[in-house]
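Each protein sequence line maps, in turn, to chains A and B. The opening position of the first sequence corresponds to residue 265 in my numbering, with each subsequent residue numbered one higher. The opening position of the second sequence corresponds to residue 15 in my numbering, with each subsequent residue numbered one higher.
Think of the hints as simulated: they come from the structure by calculation, not from any bench. Misleading hints may appear alongside valid ones.
[To be verified] Which chain A residues stay away from chain B? Per the calculated CB distances, all over 12 angstroms, these:
hint : residue
1    : Thr-274
2    : Leu-290
3    : Phe-297
[What the hints assert, rightly or not] To give an idea of the chain A side of the interface with chain B (calculated C-beta under 7 angstroms), a few residues:
hint : residue
4    : Leu-269
5    : Pro-275
6    : Trp-277
Only a predicted model underlies this, so the values are computations on that prediction, with no experimental measurement involved. Glycine included, every Cβ here is placed at the ideal spot set by N, Cα and C.
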Amino acid sequence: MADLLPYPGTPRWVKVFGIIAIGVFLLIAIVVFTGVGGPHGPGRHIPSGDIAGGTPSSSTTDSAQPP
Amino acid sequence: MTMTSGLRKFALTAHVACSVGFLGAVAGFLALAIAGLSSRDAQVVRAAYLAMELTTWSVVVPLSVASLLTGIVQALGTPWGLFRHYWVLVKLLLTVVTTSVLLLQTEPISHIAAAAAEKVLSSADLRALRSSLVFPHAAGGLLLLLVTTTLSVYKPRGMTRYGWRKKHGQHALPNGA
């Protein structure tokens, strides 16, 4: 008769994990898309020639040649 | 596709070794990232980032991929299966996420190492990038790997709907189906 057992449902710990995962995902999405954590994504990791990534961008644009 | 007892033990040993090694390697990486970010000694900063790149490519990435692959083999070759039990499925997802983020981080790690090799990094140089290596990336990765290790030990109960069907439903099918 074990063949007819109904599915007991998703365990509580899985639901807790899921809620935490969704919360973390939303937090990351907010940080990335609002720019709170600075620019993100692989592109931000490669500054164009200047390794002084901590300096404000204006310091590099000030010395740039006008178009 | 169930493995023999000897092969299963070999696969399990390989998976445990790779997974625990991955956890330890990320802990070491975190220590280097903190040293590179906080040390006032320029030589320590340079050494930390050069060592980070070396260990990333020679230890962390190989162990992460090996952990993922041996885990999949271990799951598919035993009655646990890959999609039958929630703890196995959650472990798989967490390892995939950790490995993916790690692979995305190899480029910035190499960039910082190249910068450190080229000149003495001041505390302001690449500050945001160096901070992000500590938190959230290395610290978050370490936390996820601690979770996967805990899941492996405790193996919390709970079958997926697919696993439940496989266990209780297949015998209900008519003969020959």
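Non-interface label on A/Phe-297, tested against every C-beta of chain B at 12 angstroms: Nearest chain B Cβ is 16 angstroms from A/Phe-297, so the label holds.
Could you check if A/Trp-277 really has its C-beta closer than 7 angstroms to a C-beta on chain B? holds, 5 angstroms
Check the non-interface label on A/Leu-290: least C-beta distance to chain B beyond 12 angstroms or not. Holds: least Cβ distance 14 angstroms, greater than 12 angstroms.
Can you verify the interface hint for A/Pro-275: is its Cβ closer than 7 angstroms to any Cβ in chain B? Holds: closest Cβ of chain B sits about 3 angstroms from A/Pro-275, inside 7 angstroms.
Please verify that hint: A/Leu-269, Cβ, nearest Cβ of chain B, below 7 angstroms or not. holds, 5 angstroms
Hey, is A/Thr-274 genuinely clear of chain B, shortest beta carbon separation above 12 angstroms? Given a closest Cβ separation of 7 angstroms, the condition is violated.
Going down the numbered hints, you'll see the structure goes against just number 1.
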